Amino acid sequence: MIQSPLRAPLIKGKKTYQSITSDILDPMMSKPGSLWYIGIFISGSALLFGAFMIFWTIWHGIGTWGLNRTVGWGWGITNFVWWIGIGHAGTFISAILLLFRQKWRTSINRSAEAMTIFAVMCAMLFPIIHMGRPLLGFYIFPYPNTRGMWVNFNSPLVWDVFAISTYFTVSLVFWYVGMIPDIGTVRDKIKAGWKKTVYKVLSFGWKGSARHWHRHEVLSLMLAALAAPLVLSVHSIVSMDFATSVIPGWHTTIFPPYFVSGAIFSGFAMVLTLMIITRKALNLQDYITVGHVESMNKIIIATGSIVGLAYITEMFMSWYSGVEYEHYMLINRATGPYWWAYWIMMTCNLISPQLLWIKKLRTNIVFTFCLSIVINIGMWFERFVIVVTSLHRDYLTSSWAMYKPTIVEVGLFLGTLGFFFTAFFIFIRVFPVIAIAEVKSVVKSSGEKETKKD
Amino acid sequence: MENAKTITIVFDDEQPLLQAVKKIRESGANIIDVFTPFPVHGLDPALSMKRSRIPLVGFIGGAIGGLLGFGFQTWVFTVDYPLVFGGKPLLSVPSFIPVTFECTILFAALSMAGAFFIKSRLKPDKKFEPVDPDITDDKFLILVDGETSAEKIKTVLSGINTIEIK
Amino acid sequence: MDEQFKFTNQYRNVLAIAAIGGLLVFLASVFIFKPDASRVWANVLLNNQYFLGISLGAAFFLAVHRIAWSGWHTALQRIPESLTAFLPVAFILMLLLFFGMHDIYHWSHYEGYDPILEGKEAWLNVPFFFIRMVAYFAGWIALTRGMRKNTDMLQDSEDLKFHNRRKVFAGIFLVFFGVTVSASAWDWLMSIDGHWYSTIYGWYVFIGMFVTSLAFMILLIWFLKRAGYLEFIRVDHIHDLGKLLFAFSVFWTYLWFSQYLLIWYGHIPEETSYFIQRREDFEMLFWLNICLNFIIPFFGLMRLDAKRQLNWLAGIAGVVMIGHWIDYFQMIMPGAAGEHAGIGIPEISLTVAYMGLFLFIVLKALASRSLIVKHDPLLEESLHYES
Chain A
9 MIQSPLRAPL IKGKKTYQSI TSDILDPMMS KPGSLWYIGI FISGSALLFG AFMIFWTIWH
69 GIGTWGLNRT VGWGWGITNF VWWIGIGHAG TFISAILLLF RQKWRTSINR SAEAMTIFAV
129 MCAMLFPIIH MGRPLLGFYI FPYPNTRGMW VNFNSPLVWD VFAISTYFTV SLVFWYVGMI
189 PDIGTVRDKI KAGWKKTVYK VLSFGWKGSA RHWHRHEVLS LMLAALAAPL VLSVHSIVSM
249 DFATSVIPGW HTTIFPPYFV SGAIFSGFAM VLTLMIITRK ALNLQDYITV GHVESMNKII
309 IATGSIVGLA YITEMFMSWY SGVEYEHYML INRATGPYWW AYWIMMTCNL ISPQLLWIKK
369 LRTNIVFTFC LSIVINIGMW FERFVIVVTS LHRDYLTSSW AMYKPTIVEV GLFLGTLGFF
429 FTAFFIFIRV FPVIAIAEVK SVVKSSGEKE TKKD
Chain B
215 MENAKTITIV FDDEQPLLQA VKKIRESGAN IIDVFTPFPV HGLDPALSMK RSRIPLVGFI
275 GGAIGGLLGF GFQTWVFTVD YPLVFGGKPL LSVPSFIPVT FECTILFAAL SMAGAFFIKS
335 RLKPDKKFEP VDPDITDDKF LILVDGETSA EKIKTVLSGI NTIEIK
Chain C
100 MDEQFKFTNQ YRNVLAIAAI GGLLVFLASV FIFKPDASRV WANVLLNNQY FLGISLGAAF
160 FLAVHRIAWS GWHTALQRIP ESLTAFLPVA FILMLLLFFG MHDIYHWSHY EGYDPILEGK
220 EAWLNVPFFF IRMVAYFAGW IALTRGMRKN TDMLQDSEDL KFHNRRKVFA GIFLVFFGVT
280 VSASAWDWLM SIDGHWYSTI YGWYVFIGMF VTSLAFMILL IWFLKRAGYL EFIRVDHIHD
340 LGKLLFAFSV FWTYLWFSQY LLIWYGHIPE ETSYFIQRRE DFEMLFWLNI CLNFIIPFFG
400 LMRLDAKRQL NWLAGIAGVV MIGHWIDYFQ MIMPGAAGEH AGIGIPEISL TVAYMGLFLF
460 IVLKALASRS LIVKHDPLLE ESLHYES
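Going down the list, the protein sequences come from chains A, B and C.
Counting the first sequence from 1 gives a position; our numbering is that position plus 8.
Counting the second sequence from 1 gives a position; our numbering is that position plus 214.
Counting the third sequence from 1 gives a position; our numbering is that position plus 99.
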C-alpha cells in the first residue's frame, strides 16, 4: 500500500513491534498509580450511592421519583437514551470506520467498544428499575406463560427489548473476538501464576496461525458490516419510542436519523473525555495523538451539524405544518417554563461544536476536553427537552404539570456514571486498552518511520 | 502439532517472511502453518488460501433468524392469540420489521462467531502452550514439515533475513 | 500518464439526436394526445429534479471525499467532477417552472378558504420561491465551479495550494448543501402536496440523489471502459463504488421505512393521506419503488464478487437508475397530476431528451481535460489502491 507523504504519521515515536507491545502492556502490568486509586474511589462511591438509590426505588416504589400523571417519563428515560447514545460511538468507531478504512481507529477502537458495553449496561438499568418490580423483568420477553399471552410486537417498547439485547450481545461478541489476539499477547507476556492461567482460558488458545488470522479478519469485517446497520437500527428504534406516538415534538419523521446522529455526536464526546484522560494516565500520547483528537473532533463537527440541521428542520416544520399544537410546542420549548433547558441544549449542541471549525481549537487538548463535557451536558439536555417539555403540556390544559427530579433520580444517574467509570477503570487494568495487533499492522504504513516502497 | 519432524524458521519482520513463503513453496516443501503477531497483508494469496466461508454461514444464519423472527410474530398475532392493537391489522407487517431485523442480525452475528471458533478449533483451554511465546509479540514463524531437510531450507532461504532455522 | 477522452462527432450526433428527437417526440405527443397541463409540467419538474440530483450527488461525493482526505477516489474524480458541470443548465431548466407553477403547485393559485395554505404564505409564495431557487443555484454553481477550477489547476501545477483550496470549497459546499438540499426538496417536491409535511423528507430526497449519482457514475465508468478509456481504474475502485451503492441503497431504504412506519403508525389523517393516495392509486409503482431500489441492489450486490464485476454492477446500477426515476415519480406525480398521471410516450421521450442533453454537457466537460488529475497529491495512493 502506498501512502502519500502528505499524510501525517498516525503513531509517533519510531516504534518497533516489541516497543508497541511493551508500551501498551506495561501500564497494565505494573502497579496502578495513585490517580487510579483516587479515580476508582470517587467513581466507586458514586456507584455505591446509586446502588443504594436502586434499593430505595425498589423498596419504596416509583413514587420516590418526581414523576406525575402528566410527566410519566422523566430522568429515567432521559438517562436511558443518553447512555444508549453514548454507546453508539464505540460501534461507529469499530464498525463504520473499519468499513471506511480509517486507520486511525486502531488506537481508540478497543476502549471505545468497551465504553459501548458499559454504557449499554448503564442504559439497561433504567427500564428495568422503572418497571417497579424488576424481578418480574422477564415479562418483557416472549415466553409461553401460563396465560397463553405474548408480548405486543406492535409496541416500540418491545422492539427496544430486541434491539438493545441484540446490540449488547453483538457488541460484546465483536469486542471480545477482536480482543482475543491481544489477550494472547498478555498471556505470553505475563509471569506464570494464576493470572496466566486465566488469560490462557480467556485467549481461547490463540496462536497467531495465518489461517486463524484470515478467518479473524473476515469475521471482523462481517461483524462490522452487521454492526453498522445494527447501530442505526438501535437508536432509530429508541427514537420510535417517542415518534410512534402522536405527541407534538415526539411524532416527527426525522427522529430516527436525527437520533442516530445525535447518538454518535454525544458518543464521540464521551470517547474524547475518556481518551484524553487515558492517554495521559497510561502514557499513551504516542498512540492517541493530537491527530486522533482532531479526527474525532471533525466527526463531532459533522454529526453536530447534522443534529443542528435536524433542530432547524424540526423548528421550520412545526411552523410550516400549520398545526396549532406544533406551533405551541415550538414556542413553549423556547420560552416556556423549561426555556433554560432548551437554550442549554441549543448552545451546547448547535453552537459550541461550530468552534471546532477553527484548527487551533480542535487541535487543543484542553479545549477539546472541556468541549467534550459541554457536549455531553448538551446532549443530556436534548433528551430532557424532548421528554419533559413535550409531556408537561398535555392536550388537556387541566393536565398541565411540572416535573422536578428527586434526590433518588439524581442519585440513580450519579450511580450509573459511577458504574461506567468504575468499569472503565477496571477495564484498563485487565485488558489492553489499545488493539495491539491492529496497531502493529498499521505501524509500517502509518507510523513515524521510513516507509518502505515496494 | 510440534513433532520432531518439523522445521521452524523465525523472522523478525513481515517482508522476509513473505519472500520466504514464496521461495519455500517454489522449492516444493510443504508449509504446515505460518504464525504472525498480526494479519500480514499479502500472506493469504502467498499461501493460496481459500477465502473463508464465514460470510455464507452469516447469510444462512441471518436468513434463519429473519424468517424465524417474522414467522413467530405472524404466528402469534394471526394464529395463536389474535388481538387487535391500536386499530392495526392482525398481520401488520411494518411493525414486525424491527424485531425481524434484530433477529436477523443476532442470528447472523452469533452463527458467524460460532463458525469462527469451531472452524479454528479455538476454545478455552488452560493447558494451552503456544508454538513460541514471541509470536504474539514481534516474531514471525514458518513451520515446514520434516520431509524436507533443514539443509535444503537453508539453501533455499539464503539471502533472506532469518533469525533462526531449526 | 495522460489520457484524454475524445468527444467524437459520433457521440455528439447520437446525443444531439436523442436530445432534439426526444424533445420533438415529446412536443408532438403533447399536441396529439393533449395530456393535462399538470402532467406536462410535472414531467419537466421530474426530469429537472432527477438530473439535478445526479449533479448534486456527484458534488456531494467529491466534497465529502476531499474533506475526509480520501485517497482512493482521486483516480476517478474527473467523472463526478464533470457531472457537476450540468448545474448551470439545470438552473435554466428549473426556471422554466415559472410557466408551470399553477399546474404543479396548488398553493400558488388556490382560491377560497384554506387556512393551512394561508399559514404557509410567508414561505410558499411565488416571488420568494424563485428568490430561494436563485440562491440555491447560485451557491451550488459557484462552489462546484470553485472545486472544478482548482482541480483543473492541478492538471498543470504541483502547487499544493490548489489542493487545499478545493478542501475549503468542499467544506463550505457541505455546509451550504446541508441546508439547501433539504430546503430545495421542501420547495420543489414537498410543497406539491401543500397540506402535507414530513421532517425527514429533505434527507430522504438527498440520499435518493446520492444513490442515483453513484449509479450514474458506475454506468459512466462502465461505458468509458468499454470505449477503451480509464485503464488505470482498478477493480478495487469498482468494488468500492459497488459497496457504496449497496450501502446507500440500504440507507435509502432505512429512510424510506422510517418515514413510512412513523406515518403509518401515528395514523394522523393529514399525514397518512399522502401514503394512502400513493398506495391506492399508484399501487404497482409503490411496490416497484421498493423492489428496484432495495430488493434488487440488496440481493444483487450482497456477494463479494458481484461488486467486483463491472458488467454486473453496471446492470444493477441501471436498475437503480430506473428505480429512482420511479421514486421521483412517486413523489411528484400523485400530488401534481393526480388522476392525469401516467407513464407513456411523453414521460419516456422527455427523459430521453434530458438524458441526451445531460450526457452531452457532461461528456463535453469530461473531454475538456485529461481524465486523470496528474498532480493530485493523493493520486499515487489511488493508482495502487487495493480494497
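Simulated from the structure, these hints should not be mistaken for laboratory data.
It should be emphasised that the depicted structure is a prediction, and the values quoted were computed from it without experimental measurement.
Treat the hints with caution; some may be incorrect.
[Stated by the list, open to error] List time: in silico BS3-like cross-link candidates among lysine-lysine, alpha-carbon distance up to 25 angstroms:
| hint | chain 1 | residue 1 | chain 2 | residue 2 |
| --- | --- | --- | --- | --- |
| 1 | A | Lys-288 | A | Lys-20 |
| 2 | A | Lys-111 | C | Lys-105 |
| 3 | B | Lys-219 | B | Lys-237 |
| 4 | A | Lys-368 | C | Lys-324 |
| 5 | A | Lys-199 | B | Lys-237 |
| 6 | B | Lys-264 | C | Lys-260 |
| 7 | B | Lys-341 | A | Lys-204 |
| 8 | A | Lys-288 | A | Lys-412 |
| 9 | B | Lys-340 | B | Lys-237 |
| 10 | A | Lys-368 | A | Lys-20 |
| 11 | A | Lys-199 | B | Lys-302 |
| 12 | B | Lys-264 | B | Lys-237 |
| 13 | A | Lys-203 | B | Lys-337 |
| 14 | A | Lys-367 | C | Lys-324 |
| 15 | A | Lys-368 | A | Lys-288 |
| 16 | B | Lys-237 | A | Lys-204 |
| 17 | A | Lys-20 | A | Lys-452 |
| 18 | B | Lys-237 | A | Lys-203 |
| 19 | B | Lys-368 | B | Lys-236 |
| 20 | C | Lys-324 | A | Lys-111 |
| 21 | C | Lys-342 | A | Lys-306 |
| 22 | A | Lys-39 | A | Lys-288 |
| 23 | A | Lys-412 | A | Lys-20 |
| 24 | A | Lys-197 | B | Lys-368 |
| 25 | A | Lys-197 | B | Lys-236 |
| 26 | C | Lys-324 | C | Lys-105 |
| 27 | A | Lys-203 | A | Lys-20 |
| 28 | B | Lys-340 | A | Lys-204 |
Each hint tested on the structure:
Pair hint A:Lys-288 plus A:Lys-20 holds up; C-alpha atoms about 15 angstroms apart against a cutoff of 25 angstroms. A hinted pair counts as satisfied when its Cα atoms are at most 25 angstroms apart, and A:Lys-111 with C:Lys-105 does not qualify at roughly 39 angstroms. Restraint check for B:Lys-219 and B:Lys-237: satisfied, since their Cα atoms lie roughly 20 angstroms apart, inside the 25 angstroms limit. A hinted pair counts as satisfied when its Cα atoms are at most 25 angstroms apart, and A:Lys-368 with C:Lys-324 does not qualify at roughly 45 angstroms.
With a C-alpha separation of about 37 angstroms, the suggested pairing of A:Lys-199 with B:Lys-237 is violated against the 25 angstroms cut-off. For a cut-off of 25 angstroms, the pair hint linking B:Lys-264 to C:Lys-260 is broken: about 46 angstroms separates their Cα positions. For the proposed pair B:Lys-341 and A:Lys-204, the alpha carbon gap of about 11 angstroms is at most 25 angstroms, so the pair holds. Between A:Lys-288 and A:Lys-412 the alpha-carbon distance is near 38 angstroms, which puts this suggested pair outside the 25 angstroms criterion.
Between the alpha carbons of B:Lys-340 and B:Lys-237 the distance comes to roughly 37 angstroms, so the proposed pair goes past 25 angstroms and is violated. Annotation: proposed proximity of A:Lys-368 to A:Lys-20 holds, straight-line Cα distance about 20 angstroms (limit 25 angstroms). Of the pairs offered as hints, the one joining A:Lys-199 and B:Lys-302 is violated, with about 63 angstroms between alpha carbons and a cut-off of 25 angstroms exceeded. Proposed proximity of B:Lys-264 and B:Lys-237 is supported: the alpha carbons are some 20 angstroms apart, at most 25 angstroms.
Our distance criterion of 25 angstroms between C-alpha atoms is met by A:Lys-203 and B:Lys-337, whose separation comes to about 18 angstroms. For the hint linking A:Lys-367 to C:Lys-324, the alpha-carbon distance of about 41 angstroms lies beyond 25 angstroms, and the restraint is violated. The straight-line distance between the Cα atoms of A:Lys-368 and A:Lys-288 is roughly 20 angstroms, inside the 25 angstroms bound, and the hint therefore holds. Our distance criterion of 25 angstroms between C-alpha atoms is broken by B:Lys-237 and A:Lys-204, whose separation comes to about 38 angstroms.
At most 25 angstroms may separate the alpha-carbon atoms for a hinted pair to count; A:Lys-20 and A:Lys-452 meet this at roughly 12 angstroms. Between B:Lys-237 and A:Lys-203 the CA atoms are separated by roughly 41 angstroms; this puts the pair beyond 25 angstroms, and the hint is violated. At most 25 angstroms may separate the alpha-carbon atoms for a hinted pair to count; B:Lys-368 and B:Lys-236 meet this at roughly 14 angstroms. Our distance criterion of 25 angstroms between C-alpha atoms is broken by C:Lys-324 and A:Lys-111, whose separation comes to about 31 angstroms.
As the CA atoms of C:Lys-342 and A:Lys-306 are separated by approximately 24 angstroms, the hinted pair is consistent with the 25 angstroms bound. Note on A:Lys-39 and A:Lys-288: the hinted pairing holds, with a Cα-Cα distance of about 16 angstroms set against a maximum of 25 angstroms. Proximity of A:Lys-412 to A:Lys-20 is assessed by CA-CA distance (about 50 angstroms); at most 25 angstroms being required, the pair is judged violated. For the given pair, A:Lys-197 sits about 30 angstroms from B:Lys-368 by alpha-carbon distance, which is inconsistent with the 25 angstroms threshold.
At roughly 31 angstroms between alpha-carbon atoms, A:Lys-197 and B:Lys-236 are farther apart than 25 angstroms, so this suggested pair is violated. Taking the CA atoms of C:Lys-324 and C:Lys-105, the gap is near 13 angstroms; set against the 25 angstroms cutoff, the hint holds. As the CA atoms of A:Lys-203 and A:Lys-20 are separated by approximately 31 angstroms, the hinted pair breaks the 25 angstroms bound. For the suggested pair B:Lys-340 and A:Lys-204, the alpha carbons sit about 9 angstroms apart, so the restraint of at most 25 angstroms is met.
Checked against the numbered hints above, the structure violates hints 2, 4, 5, 6, 8, 9, 11, 14, 16, 18, 20, 23, 24, 25, 27; every other hint is satisfied.
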